[in-house]
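Asker: This is what each chain is made of:
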Amino acid sequence: MKYSIHVNGAIKRVEADADTPLLWVLRDTLNLKGTKFACGTGMCGACTVHLNGAARRSCLISIANVGSGVVTTIEGIGDTPVGKKVQQAWLDIDVVQCGYCQAGQIMSAAALLATNTKPSDADIDHAMAGNICRCATYPRIRAAIKLAAGLPMIDAREADA
Amino acid sequence: MKRLEITAAEPAGDGVVHARRAFLRASAALGGGLLLEFALPVRGFARANPQSPAEGGVLGAYVRISPDGLVTITSKNPEIGQGIKTMLPMLIAEELDADWSKVRIDQALSDPAVFGRQVAGGSRATPLNWEPMRRVGAAARQMLVLAASQIWAVPASECQTSSGVVRHAPSGQTLDYGALASKAATIAAPDLKAVTLKDPKDFRIIGTPQRGVDSPAVVTGKPLFGIDVDLPGMRHAVFVKCPVFGGAVNHANLEAILAAPGVSHAFVVNGGQTFDGLVSGVAIVADSWWAAARARRKLEVDWNEGPTAAQDSAGFAARAAVLGPQPPELSIAREGDVDAALAGAAHVIEAAYSYPFLAHAALEPQNCTAHVQDGKAEIWAPTQNPDSGCKIVANTLGLAEADITIHMMRCGGGFGRRLMNDYMVEAAWISREIGAPVKLLWDREDDLRHDFYRPAGFHFFKAGLDGAGKLVAFRDHFISFGTGGKFANSAGLQPVEFPARFVPNFELGATLMALGVPTGPMRAPGSNALAFAFQSFIDELAFAARRDAVQFRLDLLGPPRIYAGTQGPNGATPDFDSGRMRAVLERVADRSGWGKRPLRTRSGLGAAFYFSHWATSPRSCRRPSLRAATFASKKSGWQPTSAATSSIRWAPRIKSKGPQSTASARRSDRPSRSSAGARSRAISMTIGCCASTVLRPWMCIS
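Sequences listed follow chains C and Z, in order.
Take the position in the first sequence, starting the count at 1, then add 87; the result is the number in my numbering.
Take the position in the second sequence, starting the count at 1, then add 38; the result is the number in my numbering.
I should point out that these hints are in silico values taken from the structure, not numbers from a laboratory.
A couple of the hints might just be wrong.
Said to hold, decoys possible - Result set (DMTMM-like, lysine to aspartate or glutamate): computed pairs, CA atoms no more than 20 Å apart in a straight line: (1) C/K89 x Z/D325; (2) Z/K336 x Z/E388; (3) Z/K508 x Z/E343; (4) Z/K260 x C/E162; (5) C/K172 x C/D210; (6) Z/K260 x C/D166; (7) Z/K260 x C/D212.
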């Protein structure tokens with residue numbers, strides 16, 4: 088089947104079977120390797136992209152269901168003001184350990200900050216709960232989100248200790 | 039990238055290639071500037087043997103200084119998130135006195151003949167490379183200084199360097215490294231043994247946080263990892279192995295698979311019984327990974343499951359419960375008379391602890407890209423242990439090791455799983471069978487089902503307290519896995535396991551159950567399970583003794599003393615310095631507000647410590663500081679700890695200097711082992727207070 092999808096500001100024509108997940112179209116057809124495969128079942132968040140601005144697991148969206156939706160990946164998120172800020176915060180904090188989950192983390196964080204400019208700790212937890220980091224960089228991820236949002240980087244629940 | 043042209047070495051008569059000294063060679067770089075090639079000291083690697091510099095061989099390790107001042111340094115070890123790709127060049131750049139902002143880093147190929155040990159495991163990279171790498175940088179600096187002194191016709195002793203510039207103090211003249219590089223290339227490389235190293239108080243790069251060299255590529259989604267490799271004409275493969283370890287394919291419906299869309303090949307592989315080699319399975323090759331994975335759903339295999347089908351976790355637990363109360367098969371350690379001491383004890387406490395098999399579950403599923411043709415193999419692998427993979431590929435495919443090129447790709451997690459290279463030999467075999475480059479990618483289920491698991495274990499503890507609450511007897515019967523009195527991989531117990539030597543009457547015994555499941559190291563191998571069992575039981579003893587959990591441990595550690603390390607099954611064990619551990623524990627108690635910290639409802643505070651593994655042999659360990667390797671945010675207020683224990687890497691809000699402060703450690707020429715391999719660690723953590731689904735470890739390591 089032939090599809091035209093909107094990815095990172097451009098229309099891409101791709102040929103793929105209807106059940107092919109967007110993840111594999113991005114990675115193997117469009118050669119956008121930044122979006123990562125890790126579980127294939129929507130449980131880890133490594134493949135997170137934006138579909139019409141919302142964080143979605145690209146391993147669970149078939150190419151046939153993308154339709155006219157606007158897809159943004161880690162390769163394109165830096166073109167948005169929020170995405171650029173989040174990427175810079177990730178570098179300033181140096182969040183990355185192995186780095187494999189971080190594209191997905193950044194996409195979830197950017198989706199959060201695009202709709203909630205001053206998230207609470209609970210907001211951050213809620214938005215990031217589906218993104219697993221096996222290196223456990225979670226404290227730095229939280230700090231980077233706060234840095235990007237211009238919030239104090241103390242975790243309220245740790246400060247009371 | 040082209041692999042250096044080298045010939046296979048002839049091992050000496052004893053099968054070991056004898057130690058070779060480090061050497062260095064200077065030449066003009068292509069396009070101008072200085073190319074300084076080096077090989078590190080090598081012991082016991084028989085893979086290849088580069089020609090000596092005098093014979094004009096090309097080495098793979100280099101520092102290149104180009105006329106524009108850029109300094110390019112090869113980084114030799116596998117990067118699994120521990121930061122080594124950034125840290126090893128820091129050692130060279132420090133002594134070179136380079137401007138770190140002008141340093142570029144190239145990932146080396148796997149070639150132990152040039153680079154020595156290239157393994158991410160055992161916390162050894164810093165101790166082994168600390169001095170050799172610094173010497174390379176110091177040699178390059180010395181050459182640049184000499185070049186400047188010749189240009190200015192002044193004594194070299196009047197020239198100083200700082201951040202990529204040579205300065206002649208009396209005249210005030212300066213030249214940057216880029217301007218000097220071509221001149222330096224005409225100067226003979228100095229003897230590495232004779233170069234002068236910096237006084238650590240003058241370090242500007244080591245001991246400072248530096249951003250990971252790949253971080254910008256990570257946050258922008260550039261291809262970096264093994265899974266991101268793409269080659270012209272590359273096919274995609276899945277490999278289906280028996281759900282029972284050691285099982286083999288009887289028959290598979292290959293015709294149905296071959297009929298699936300996009301599939302070009304489907305065939306049975308007859309492997310052996312070595313788990314980190316090639317085992318029996320079905321390979322499916324397609325024009326995309328999705329096509330191969332989708333075809334796999336139609337696969338029907340008749341497996342010969344073999345004897346391991348009779349083993350399961352419930353069976354092991356039931357067997358352990360029977361064995362626990364019986365006398366152990368092996369005596370691991372024995373001191374005093376435990377039975378007599380228990381008979382005379384005021385309180386006897388018994389407890390059983392167990393923990394399960396654990397998969398490493400690195401986030402990047404196992405994968406490897408291989409192209410085997412004309413008797414040569416080129417491999418792109420996320421691996422912690424490339425040379426081991428090279429040997430397996432060579433043996434399995436009948437290739438010469440020198441004909442195998444391995445590109446070490448950044449690993450999306452390692453945790454010990456990627457010390458094994460089963461996926462590497464699978465990819466190489468499939469590529470040869472189909473005559474094309476292929477990327478093999480396991481799915482998550484493959485990864486969880488075919489790991490080298492952290493072994494399960496069962497501990498049957500019994501201990502006695504005297505009337506004053508003092509520990510007088512301690513016994514553990516450890517039910518583990520293995521055969522013939524030999525522990526399975528990473529399933530062992532050291533005779534010096536704490537509280538050995540701190541209790542007058544002490545016994546460690548073990549009984550082994552046969553196991554058909556592959557096991558292996560996971561993170562700090564052994565420690566992650568043993569610390570839980572032993573320290574939890576010690577907590578129960580403190581409770582029974584009605585003593586504070588920290589105070590009970592301090593009393594157990596007693597007066598400061600050092601017990602020398604011993605040789606154990608996993609190599610040398612560290613010295614036990616009880617005074618240092620006491621200090622660590624006291625510091626942790628103080629910093630965590632032990633006894634004063636207000637606790638939320640249904641939350642608690644626990645304390646534990648552990649004498650962890652030794653990073654390297656005491657003989658070769660020069661007490662390196664890994665502060666150079668870890669990256670801390672200046673803004674976050676968090677301090678990094680050891681890169682060797684990434685699972686507990688961060689200590690939020692604890693400005694942890696530790697009892698032997700890291701600040702002083704890096705001011706010393708004998709920096710603290712605590713930061714490199716963690717001779718001893720104390721951990722405090724909040725327990726059960728996480729309201730969110732995000733894990734929030736709150737720990738302090740020193």
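Asker: Are there hints from earlier that the structure breaks, and if so, what are their numbers?
Answerer: The structure breaks hints 2, 3, 7; every other hint is satisfied.
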